[in-house]
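J.: In the order they appear, the protein sequences are chains A and B. In terms of the working numbering, the first sequence opens at residue 2 and continues consecutively. In terms of the working numbering, the second sequence opens at residue 982 and continues consecutively.
Just so you know, the hints here were simulated from the structure itself, not pulled from any lab data. All C-beta atoms, glycine included, are put in the ideal place defined by N, C-alpha and C. Accuracy of the hints is not assured; some may be wrong.
Below 25 Å or equal to it, Euclidean Cα-Cα: the simulated SDA-like pairs (lysine to any residue) are [as the list claims (entries may be wrong)]:
| no. | chain 1 | residue 1 | chain 2 | residue 2 |
| --- | --- | --- | --- | --- |
| 1 | A | K81 | B | E1094 |
| 2 | A | K81 | A | L136 |
| 3 | A | K81 | A | H130 |
| 4 | A | K81 | B | G1056 |
| 5 | A | K81 | B | P1146 |
| 6 | A | K81 | B | L1113 |
| 7 | A | K81 | B | R1110 |
| 8 | A | K81 | A | H127 |
| 9 | A | K81 | B | D1053 |
| 10 | A | K81 | B | L1093 |
| 11 | A | K81 | B | M1140 |
| 12 | A | K81 | A | L117 |
| 13 | A | K81 | B | E1190 |
| 14 | A | K81 | B | R1013 |
| 15 | A | K81 | A | E184 |
| 16 | A | K81 | B | P1114 |
| 17 | A | K81 | A | D3 |
| 18 | A | K81 | A | P64 |
| 19 | A | K81 | B | E1106 |
| 20 | A | K81 | B | L1109 |
| 21 | A | K81 | B | A1014 |
| 22 | A | K81 | A | G62 |
One side of the interface only, derived from the structure: several residues of chain A facing chain B at Cβ under 8 Å [unchecked claim]:
| no. | residue |
| --- | --- |
| 23 | C68 |
| 24 | G70 |
| 25 | F94 |
| 26 | F105 |
| 27 | G106 |
Label pairs and their computed distance ranges (CB to CB) [as the list claims (entries may be wrong)]:
| no. | chain 1 | residue 1 | chain 2 | residue 2 | range |
| --- | --- | --- | --- | --- | --- |
| 28 | B | D1053 | A | Q89 | 40 to 46 Å |
| 29 | B | R1013 | A | R124 | 44 to 50 Å |
| 30 | A | E114 | B | A1088 | 32 to 38 Å |
| 31 | B | V1031 | A | R124 | 54 to 60 Å |
| 32 | B | A1084 | A | W328 | 56 to 62 Å |
| 33 | A | Q89 | B | F1180 | 32 to 38 Å |
| 34 | B | L998 | A | R52 | 34 to 40 Å |
| 35 | A | P95 | B | A1179 | 30 to 36 Å |
| 36 | B | M982 | A | K81 | 56 to 62 Å |
One-letter residues, chain by chain:
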Amino acid sequence: MDPRLVVDIEKRYPGFRLQVQLAVGTEVLVLYGPSGAGKTQTLRAIAGLVRPDRGEIWLDGRPLFRCDGGRRPLNVPAHKRRIGYVFQDYALFPHLTALENVAFGLRGPRRREEALSWLRRMRLEHVAHLYPSQLSGGQRQRVAIARTLATAPSVLFLDEPFSALDLDAKRRLQEELRQLQRELGLPVVYVTHSLEDAFAVGHRIAVIADGRLQQVGPLSEVVAHPANWQVARAFGLPNLVRARVRRASADGLHLDWDGQELLAAPRELSPGEEVLAYIRPEEVRFIYPDRPLSAAVRHNRLRVRVLEQRLVRDARLVRVRTAGPPWAELEVRSPPSTYADLALVPDSELEVAIRPSGIVVLEALAQAEASAEGSSPS
Amino acid sequence: MLSALLVSLKVVGVATLVIGVVGTLLALLLARARFPGRTALELLLTLPLVLPPTVVGFFLLYVLGRGSPLRDWLGLDLLFTWQGAAVAASVVGLPLMLQSARAAIAAVDPELEDAARTLGRSEPEILLRVTLPLAHRGILAGLFLGAARALGEFGATLMVAGNIPDRTRTLPMVVYDAALNGDLALAAQTSALLSGIAFIALALTRRLEQPARR
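Isolated chain A (complex conformation):
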């Protein structure tokens, strides 16, 4: 995949630093992160609505911004960047009809017909004469998208595009969006703080937290293997634990989790270091008290007390608390059919085992705290 939009920018705000490197190809890239992480600021900087302090931006081989202290600075104004931007609350012009809104960015004698054909393409010709206040949320959203695409942008930005819509309208629009993206061969950057939305539209995901791009990659890969604790936290992952390294050996990394010994996948860390680890909920297994133990449950055996269990769409989720130090909560995730004949009722006491490969050391904490400090100069 050839990158079409290449971004490497930095901007300081009071108490906040935005630092983003990004390459977007002909794909839907999901820009994901908690609110306040810097997603919208990133889009605004690339679109030329705010000026980064340094860095460069390239679109289809054309420089849009360059400021590196050396060469002559370059800053193409927003209206010449050919970046389509659909704003979070649509930003439709209230004094113009749907048709006039779509025609706004068009020039020449045929602008009305062109605008009308875009409205037709979005199945909106019947509301062409209406003002934004007379349209439904989904219609407004589609007018906004039509208005942006009508200007034939080289890249499309969507900022939390469907957050105000009901689930049905959202799914339909997401499907339309994927189709349009394919037809037009456009790079699309889709900002959201919902993982579900990310999976519904995205090819790759870029996780942004504390003003910094933390990890980029295929969606399922990034979700399964968060690179650091900011990413894990951004995903709202359960089972994030702090532990101290006891020793690193060939069979794995021995951790002390507030009095409970854990064996994690091998990793080079020195004893005494504090780390943040992620215990993958699907790697926590209940042990049947009346069955012979398999090899899979040799390590990391803990007594736990069941707090509650819940069946969600495709999984059984059990929340438990360790029945000894560190007295911490854990989430256990399994296919809905497993453990059917195990009594997972609240307060029952059982044993779990955690596979060492299911304990992912995300980052040494000293490092994590240093990078967190770097983004807030206070």
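Chain A is fixed; fit chain B onto it per the hints.
T.: Coordinates of chain B only, in the frame set by chain A:
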């Protein structure tokens, strides 16, 4: 009274034009730009609203009279002309325009202007097609108020343009002269005319300040 009406119309016409153009530009500057001394500039331009008109007139004597660049470099002597009266009327009417227009422009969502930028429109186009159309009610309301105030201007005009019959004597001065000379009928007629116009201007302003129906 007829010649005074003509003088007044000329003065108010020019003043309205000045208030409209200068007022809109200054309102844009005050509502959208960030620069040091912005508040000071705003207060300075609002000052004529509360100063005695004679004080405004006194300052204008310096701006328009001997030693001013306008007169010494450009050879423009506006003292005791109807154009001078128009300047006084503009300065006094401007604060009303500014307050209304500034608020209206500040109320335009900057994101709409950003959207217009990403749609390929340049700053002048955005001004003409987004900002001003969306703020037009507040701008017009301010213009009517400013024009009404310009029509009623008396003190500052008297200081810089005097009260010369057929040349700088405006309707408010007719009232003053007539009342002093005991011509109460003329004073009453002229007062009625001025009141009627002011009432209409206020009514128009009120209408514009009500929210648009869309």
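J.: Look at each hint and say if it fits the structure.
T.: So, going through the hints one by one against the coordinates:
1. K81/A <-> E1094/B: Measuring from Cα to Cα gives roughly 15 Å; hence the hint holds.
2. K81/A <-> L136/A: violated, 30 Å
3. K81/A <-> H130/A: Status violated; Cα separation ~29 Å.
4. K81/A <-> G1056/B: This hinted pair is violated, its Cα atoms lying about 45 Å apart.
5. K81/A <-> P1146/B: violated, 58 Å
6. K81/A <-> L1113/B: Holds. K81/A to L1113/B sits at ~22 Å (cutoff 25 Å).
7. K81/A <-> R1110/B: holds, 18 Å
8. K81/A <-> H127/A: violated, 32 Å
9. K81/A <-> D1053/B: violated, 46 Å
10. K81/A <-> L1093/B: Given pair K81/A, L1093/B holds - Cα atoms ~17 Å apart, limit 25 Å.
11. K81/A <-> M1140/B: Roughly 52 Å separates the two Cα atoms, so the pair is violated.
12. K81/A <-> L117/A: Status holds; Cα separation ~24 Å.
13. K81/A <-> E1190/B: violated, 37 Å
14. K81/A <-> R1013/B: holds, 22 Å
15. K81/A <-> E184/A: holds, 24 Å
16. K81/A <-> P1114/B: Answer holds: K81/A to P1114/B is near 23 Å, not above 25 Å.
17. K81/A <-> D3/A: The hint holds at about 23 Å.
18. K81/A <-> P64/A: Holds, at about 12 Å.
19. K81/A <-> E1106/B: holds, 14 Å
20. K81/A <-> L1109/B: Holds - the C-alpha atoms of L1109/B and K81/A are around 18 Å apart, at most 25 Å.
21. K81/A <-> A1014/B: Roughly 22 Å separates the two Cα atoms, so the pair holds.
22. K81/A <-> G62/A: holds, 15 Å
23. C68: violated, 19 Å
24. G70: violated, 25 Å
25. F94: Since chain B brings a Cβ to about 6 Å from F94/A, closer than 8 Å, the hint holds.
26. F105: Constraint on F105/A satisfied, holds at 6 Å.
27. G106: holds, 3 Å
28. D1053/B <-> Q89/A: 40 to 46 Å: Violated: the Cβ-Cβ distance is about 57 Å, outside 40 to 46 Å.
29. R1013/B <-> R124/A: 44 to 50 Å: Since the Cβ atoms of R1013/B and R124/A sit about 37 Å apart, the hinted range of 44 to 50 Å is violated.
30. E114/A <-> A1088/B: 32 to 38 Å: Check passed, 34 Å falls within 32 to 38 Å.
31. V1031/B <-> R124/A: 54 to 60 Å: holds, 58 Å
32. A1084/B <-> W328/A: 56 to 62 Å: Given about 59 Å between the Cβ atoms, the range holds.
33. Q89/A <-> F1180/B: 32 to 38 Å: violated, 46 Å
34. L998/B <-> R52/A: 34 to 40 Å: holds, 37 Å
35. P95/A <-> A1179/B: 30 to 36 Å: holds, 32 Å
36. M982/B <-> K81/A: 56 to 62 Å: Given range 56 to 62 Å: holds, Cβ gap about 58 Å.
Going through the hint list in order, the structure does not satisfy hints 2, 3, 4, 5, 8, 9, 11, 13, 23, 24, 28, 29 and 33.
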